[in-house]
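**Q** Which chain is which? The protein sequence lines are A and B, in order.
Its first residue numbered 1, the first sequence is counted upward by one per residue in the working numbering.
Its first residue numbered 351, the second sequence is counted upward by one per residue in the working numbering.
Worth flagging that the hints you see were computed from the coordinates, not collected in a lab.
A couple of the hints might just be wrong.
Unchecked claim - Each computed SDA-like pair below joins lysine to any residue, with the alpha-carbon atoms no more than 25 Å apart: (1) K242/A x G215/A; (2) K451/B x Y48/A; (3) K165/A x I650/B; (4) K306/A x Y48/A; (5) K160/A x L556/B; (6) K306/A x D320/A; (7) K160/A x A498/B; (8) K77/A x P542/B; (9) K476/B x E184/A; (10) K483/B x D122/A; (11) K200/A x I609/B; (12) K207/A x K513/B; (13) K306/A x W105/A; (14) K292/A x G117/A; (15) K242/A x L312/A; (16) K57/A x G117/A; (17) K200/A x V180/A; (18) K513/B x M524/B; (19) K476/B x E507/B; (20) K187/A x A498/B; (21) K89/A x N744/B; (22) K207/A x T728/B; (23) K160/A x T636/B.
What the hints assert, rightly or not - Pairwise CB distance ranges (calculated): (24) G638/B x D153/A: 41 to 49 Å; (25) S305/A x W597/B: 30 to 38 Å; (26) L601/B x D153/A: 54 to 62 Å; (27) T598/B x W105/A: 38 to 46 Å; (28) I497/B x V331/A: 49 to 57 Å; (29) A113/A x K501/B: 29 to 37 Å; (30) K686/B x K206/A: 50 to 58 Å.
Said to hold, decoys possible - Here are some chain A residues the structure puts well away from chain B; computed CB gaps all over 12 Å: (31) N56; (32) V58; (33) S99; (34) K114; (35) D137; (36) N146; (37) G179; (38) E196; (39) K245; (40) P269.
For each residue, glycine too, the CB sits at the ideal point set by N, CA and C.
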Amino acid sequence: MKKLTVLLGAALLAGTAMIAAAPAQAGDEITITSWGGAYSESQRKAFYEPFIAAGNKVTEAEYSGEIAKVRAMVEAKSVTWDVVDVDTKTILAGCAEGSFETIDWAKLGLDRAKFIGSDVTDCAVPNILYSTVAAYDTTKTAEPANLFEALFDQVKYPGKRALQKNPFVNLEWALMADGVAPEEVYKVLGTNEGVERAFKKLDTIKKDVVWWTAGAEGPQLLADGQVVFATSWNGRFYGAIKTDKKPFKIIWDRQAPDWDWWAIPKGTPKLEEAYRFIAFASDPQRMADQTKWISYGPANTDSASKVDPALLPDLPTAPDNLKTVFYPDPVFWGDKFDELNERFNAWLAQ
Amino acid sequence: MAMAQAVAIDGVMRAADGTPLKIALARAQRREKIKAIGLVAPLFGFILLSFVFPILLMLYNAVYDPDVAENLPATVTALRDWDGMDLPAEEVYAAFVGDMKEAQKSRQAALVGKRLNYELSGIRSKVIATARKAATLDSGPYKDAVIAIDKVWGEPETWATIKRSSSVYTPFYMLAMLDMRQGANGDIEQVPEERRVYVDILKRTLGISLLVTLMTLVLGYPVAYLLATTPQRFASILMIFVLLPFWTSLLVRTSAWMILMQDGGVFSQFLGITGITWLLNMLALTDGVPQLFKTRFSTIIAMTHIQLPFTLLPIYSVMKTISPNYMRAAKSLGGKPFYCFVRVYMPQTMPGVAAGCLLTFILSLGYYITPALVGGPTDQMISGFIASAINTENNWGKASALGVILLVATLILYYVYNRLIGIDRMKLG
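Here chain A stands alone, though its shape is the one from the complex (with noise of 0.2 Å):
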């Protein structure tokens, strides 16, 4: 009963997917799966033309992230994708879940150490990171100290401040702000004292917070002189400041970096080519060219040393932009996201 529901329900999403991936299982390509856009492009560059001009055949598909689609293939033991670009949430969801094959370092040839943020999980290899960062714009916003003087000192920057509606981040970047020591974020947010601090320091700023749920509002409200200091992913703002050529500044302070991942789907028939494909996409050299294309830090730190120097700057993963870094614990967030984005959305009710 239970596997038929799975499968009814999983077909609805999974359907498309299957038809349009159902010809790579024709001869010895084979499929990745990411994300489109931007993203996507930067890894055909980087990756996927240098792996087909090395004899191999790719098949690209897109997904945004559905991780019912793995699912609804492992379960149904027709794995047509073989190597999934995912982000944290589905690799920790999925790898419990039995989703995604365990990776064998020693099979990819590579040092497990060298990777940041690879004892994660077990079921996948860090390709980049990106960070959730605030940003404002340098013709009408004086620098500010750090990020806790842009998004709460109304004093200094009065105006509007536009955030992510989500709990996750928000809820640190409050506890951090109102002196909470950065390694002890989640034992104080684990506790129910902990989440009303979080939320009495937001009280602070609500009235000046316009919140934004798609990548792209941030840059925008920020362009659109709305904000004075915004969030989003530093590769949007990247995007704004060298394709618009917007007079922004990312604020690094307390960034808060999230991974992508390469994993495997289970049972998939093509293991040892993903194998060989995940091994030629975590070579230094060429994580580093990815660079070139998006603003997004290699995990190996092997490539630190072979990113152009002009662009560095630009990434999480630089030595400057990592000095006050913050990692938001994934785990943290795979228990507690349910609850406390019930009490962010009450609270932003009331």
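Chain A is already provided as a structure; the job is to place chain B on it using the hints.
**A** Relative to the frame of chain A, chain B by itself:
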């Protein structure tokens, strides 16, 4: 002729070929019926597959809850005799260790953790860790060993929750979406105040929809009257103004409102130039430039604009069919224009008004993208929460339960509407 002959022979009416007329008629009717069914069958099949079946699946998913029952079968059986007062006995822990070992092997422990986490926030990672460590427990006694892995297993509440979720069917999701839950002793109680969100969201969804419906009626009724009574030549030109936005994509119109409403945008400049901003500040209604974007106000305005044709067009088409003679007769009998309009004309438009309002109201209940883009955080409607339950939380039970609530609210409204106005009086055109 033939018939006349047939009657003449044995008193039975016959068709031209000699078969009794009754049989011939039945045969012809059957053919017609098959033809009719054949014509309707594609649509019927389509509705069955795309509408009835998904709704049944949704209703089922809102109460279907197999994760604990299927993955902790021995524990569930052992817990049956537990009185719920103190910690369960050793057998329960032994069964639990066995289940956990199995769950670890089949990689289902995370599902159990995820399910229990809905009720006991924070237990997810503990279940996963326990499943991993359970493999090392080869022999009993298990009770202390399991509690040593994590003290959460030493709390009666944990076991009460497992016992409660041991059926394959659960009221949990439906209760949760009404801000209620089953307490430790099984009684239904309200969730703590800081987690009560969903009733507010339902009220908000109904409130916004009602307001939008009223706005479209107030704005649309006079326009429909104008359209129905102006000479055809002008009416067609006016109709273009109604239909052009109607044919434009919803997303485009929503984005247009974003640009118009944003701070410093056309709307707020207009308020500044015309002195409305000054007036509002004088009256102490606002402080500085009024905030329009990301507010309830802009949500209502944008939704009203999008829904206006849906209310207007049914009213218009009913008004078109009303003969001007009624009004003339009323006036000739001495009625004042306003009285005639209210007592003679308006009642005749009611089927159109009812149809338009019901259409707009039901469509408004499902709004998702417009509140998300134009509205603020407190203007999000149920659909937005359904989307996030599916896309980001991967919680289909919750999404289904919210869907059921929306469905039930719509059906209740439909029922009330039917009792008050009567669905047979509704006219869409």
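**Q** Next, verify each hint and record whether it holds.
**A** These are the hints, each one checked on the structure:
1. K242/A x G215/A: holds (17 Å)
2. K451/B x Y48/A: It is violated: about 41 Å lies between the C-alpha atoms, which goes past 25 Å.
3. K165/A x I650/B: Since the Cα atoms of K165/A and I650/B sit roughly 21 Å apart, the hinted pair holds (cutoff 25 Å).
4. K306/A x Y48/A: holds (20 Å)
5. K160/A x L556/B: Violated, at about 30 Å.
6. K306/A x D320/A: holds (16 Å)
7. K160/A x A498/B: violated (49 Å)
8. K77/A x P542/B: Given pair K77/A, P542/B is violated - Cα atoms ~43 Å apart, limit 25 Å.
9. K476/B x E184/A: Given pair K476/B, E184/A holds - Cα atoms ~20 Å apart, limit 25 Å.
10. K483/B x D122/A: Given that 25 Å is the threshold and the Cα spacing comes to 16 Å, the pair holds.
11. K200/A x I609/B: Given pair K200/A, I609/B is violated - Cα atoms ~33 Å apart, limit 25 Å.
12. K207/A x K513/B: violated (44 Å)
13. K306/A x W105/A: holds (23 Å)
14. K292/A x G117/A: Holds: K292/A and G117/A sit about 23 Å apart, inside 25 Å.
15. K242/A x L312/A: holds (14 Å)
16. K57/A x G117/A: violated (30 Å)
17. K200/A x V180/A: The hint holds at about 14 Å.
18. K513/B x M524/B: holds (18 Å)
19. K476/B x E507/B: With a Cα-Cα distance of about 15 Å, the restraint between K476/B and E507/B holds, given a limit of 25 Å.
20. K187/A x A498/B: holds (21 Å)
21. K89/A x N744/B: At roughly 11 Å apart (the allowed maximum being 25 Å), N744/B and K89/A satisfy the hint.
22. K207/A x T728/B: holds (12 Å)
23. K160/A x T636/B: Roughly 16 Å separates the two Cα atoms, so the pair holds.
24. G638/B x D153/A: 41 to 49 Å: Hint violated: Cβ distance 20 Å, outside 41 to 49 Å.
25. S305/A x W597/B: 30 to 38 Å: Violated, since S305/A and W597/B (Cβ atoms, about 58 Å apart) do not stay within the stated range.
26. L601/B x D153/A: 54 to 62 Å: violated (38 Å)
27. T598/B x W105/A: 38 to 46 Å: Violated - the Cβ-Cβ distance for T598/B and W105/A, about 54 Å, lies outside 38 to 46 Å.
28. I497/B x V331/A: 49 to 57 Å: Violated - the Cβ-Cβ distance for I497/B and V331/A, about 21 Å, lies outside 49 to 57 Å.
29. A113/A x K501/B: 29 to 37 Å: Since the Cβ atoms of A113/A and K501/B sit about 33 Å apart, the hinted range of 29 to 37 Å holds.
30. K686/B x K206/A: 50 to 58 Å: holds (55 Å)
31. N56: Fine: 30 Å to the nearest Cβ keeps N56/A off the interface.
32. V58: For V58/A, whose nearest Cβ neighbour in chain B is about 27 Å away, the distance exceeds 12 Å, so it holds.
33. S99: Check fails; 8 Å does not lie beyond 12 Å.
34. K114: holds (26 Å)
35. D137: The claim stands: D137/A keeps its Cβ more than 12 Å from every Cβ of chain B (closest is about 14 Å).
36. N146: holds (26 Å)
37. G179: Since the minimum Cβ distance to chain B is about 23 Å, G179/A lies beyond 12 Å and the statement holds.
38. E196: violated (8 Å)
39. K245: Since the minimum Cβ distance to chain B is about 21 Å, K245/A lies beyond 12 Å and the statement holds.
40. P269: P269/A clear of chain B: closest Cβ-Cβ about 20 Å, beyond 12 Å.
Hint violations for this structure: numbers 2, 5, 7, 8, 11, 12, 16, 24, 25, 26, 27, 28, 33, 38, all remaining hints satisfied.
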